[in-house]
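S.K.: Each chain, letter by letter, is given below.
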Amino acid sequence: MKATIERATLLKSLGHVQSVVERRNTIPILSNVLIDASGDGTIKLMATDLDLQIVENVQAQVEVPGATTVSAHTLFDIARKLPEGSQVRLEAADGKMLVQAGRARFNLQTLPRDDFPIIAEGPLPTSFELPAAALVQIIDKTRFAISTEETRYYLNGIFLHVAEDPAPVLKAAATDGHRLARVTVARPDGAEGMPDIIIPRKCIAELRKLLDEVDGSVRIDLSPTKVRFDLGNAVLTSKLIDGTFPDYSRVIPTGNDKLLKIDPRSFEEGVDRVATIATEKTRAVKVAVEKDKITLSVTSPENGTAAEEVPGDYAATPIEIGFNARYLLDILGQIEGDSVEVHLADAAAPTLIREDEKAPALYVLMPMRV
Amino acid sequence: MPYEESQGSSDRVVPLSFKRLSWHKRPMTDASAKPRKIIHVDMDAFYASVEQRDDPALRGKPIAVGGGGPRGVVAAASYEARKFGVRSAMPGGQARRLCPDLLFVRARFDAYRAVSQQIRAIFERFTDAIQPLSLDEAYLDVTDNKLGIASATYIAQEIRRLIREETGLTASAGVSCNKLIAKLASDQNKPDGLCIVKPEEAEAFMAAMPVARIHGVGPVTARRMHSLGIHSGADLKAWPMQALQRHFGKSASFYYAAARGMDDRPVREREVRKSISVEDTFETDIGAEEQLVTELTKIADRLWTRVTASRATGRTVTLKIKLGDFRILTRSRTLSGPPVNAEDLLTIGAALLRAELPLPIGARLLGLGMSNLVDPDGEEDEEEEAQLRLAFG
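Quick note, the sequences are listed as chains A and B, same order.
Under the working numbering, the letters of the first sequence match residues 45 to 414, in that order.
Under the working numbering, the letters of the second sequence match residues 17 to 409, in that order.
Bound conformation, chain A alone:
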């Protein structure tokens, strides 16, 4: 293999690819990126952790087609440090790859390309397209609620399923058992009859990074065990979480009769301010809701107390309820409009938060005892 590629192009692509590669690997080749230069003037960069695989195509001048694998993190670090605007020459031969730019030369150990594992996709019968912007919305409004609890591995991702609501919709949900986030969008053509899937957190994180550079649509192909996102230059393939997502609809309250309408920015800023004195141990912010105002307060045994009043529309019986400040901020940070509805029942019941009835996103938050 002999090829020349612009440093900026290589760096950007390696930036995507190397984050799929785990820092510590028991199987040496999983630390490597597959570099495959083909005669048509493109280089394919590929990395995998056996659950998630990324393939990215970049422009290059290819003199001799060929392929090899080298340490992804090392090559990325080299690319980062090479002079801006330089041309990087890659030359693989005899178990080594020469990387040359300016006056710098690196001779890197390689591993044979044939040993590089590729995720067997199998047939992916469900295919549809989603605008990149819609996918960004789905991810941003749900990913914060994904559980990190490894024992409840079936919550370690975003659950995607279709439903008749009664209009055909595609729903995305995530929960960690304390809060739930759900986004509903119109069902794209081709998604009908798709199996329920849980997309792992790592795939979501990588996908989200790639989406920043996509304007048009993303093609999604899936089966009950695999999903593939085709973003044009990059293709992400992931195994799906093999588990059953709980029937989350039963925790979405329908009879919460105490409605608070409030400006999400003042609410968010108020919570953020009083939470300043909250410590790791006391994350609870108390929300006292009474006629047309709320009082936010935090009591910390170490630091002292804090309180702030925020005006709002409220006419029901006064109520005091506690929330984890972080959780509240996560949700309020996703509210874009100038009003948010907080549907309360009592201090120990799930609280429903949404912009309004028509908003695609809906959040359920369990209180803290205060």
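To be clear, the hints were calculated from the coordinates, so they are not data collected in a lab.
This structure is a prediction, so every number in the text was calculated from the model and none was measured.
Beta carbons: idealized from backbone N, C-alpha and C, even for Gly.
Careful: at least some of the hints might be erroneous.
To be verified - Selected chain A positions facing chain B (Cβ under 8 angstroms, derived; list incomplete):
| # | residue |
| --- | --- |
| 1 | H60 |
| 2 | P411 |
| 3 | R413 |
Given the coordinates of chain A, assemble chain B onto it according to the supplied hints.
M.R.: Only chain B this time, still in chain A's reference frame:
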């Protein structure tokens, strides 16, 4: 090698050693501290003696508790068996070769536990400062005892007499001013013996002591010490702190103090448990994933039973694999919260296991442990309680 000289210079060169040094000197230089009275009580060939007590046919015969199966190890050997060189932790086959007439007896832990409780009740008549090391040995601090007896020797004799009367078994005891020496002393006149080492005799007692017998000097350290020409406590004492640190790192301060008969570790009534684990040795080595997972399932169940019984629960799950060639692999994972049931435990354990598959050779042992224990009554738990959970049912 005169010690004072090197101490002076080492303190200047390595400030760290001064800190360690002074820590261990404290109990000796602090004139106000009166010497403690520590007894170490150790039952003689405990499991084997219980078996011989309960079955007259076994009396006077070489017996081994445990070790009968193809992969078993001897848990205890009677004194008759020890004459042949049979020792605890020895594979059954080897024991049989050493002593062809050896009788293998199945262990009855319930019986041993019952005796252990009887013994503890005897200790409690004298003091509550009891630190059990296992079912058959314990440290007692009798400096201030319930009966106001000044003589620790007298208490040790009384305890041995009461144990003999009430359980029909014999115990050996060591009496001294700290745990290190009391334990070494109890071994001195075994079986059915008593050994007293007065504070002023401590240094001389240690000087003659082979280093390998010091509790805290394992076989590996002992070999290293031997290669450095350190065989007795006296040899050890000739080494300055700094030199010990160079060879033994963090443990140096313990060895340094031990050589001088010093040990200020208190008798802990309740040793804080750091981990809970369960392991199983297989009759034949296994390598197939399915079989390994089946075994791991059983182990996870047993571990969970112990975890729930102890009320403690841990956030770190550790898998131990001992391969056919005795190489040991351990892999662990720390979770954000403790597992909630045996299946959770198995999920983590199996994930750790699968990451190691295929094993280079079959495994002879699998183990699963939980550490990083969370006190169920601790603050952290209350905090978790305060956050209510969604009811997925």
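S.K.: All the hints need checking, so say for each whether the structure fits it.
M.R.: Each hint, compared with the structure:
The interface hint given for A:H60 is violated, since its Cβ lies 25 angstroms from the closest Cβ of chain B, which is over the 8 angstroms cut-off. A hinted interface residue such as A:P411 counts as satisfied when its beta carbon comes closer than 8 angstroms to some beta carbon of chain B; here the least separation is about 6 angstroms, so the hint holds. Checking A:R413 against chain B by beta carbon gives a least distance of about 5 angstroms; that is within 8 angstroms, so the hint holds.
Consistency note: the structure conflicts with earlier hint 1 alone.
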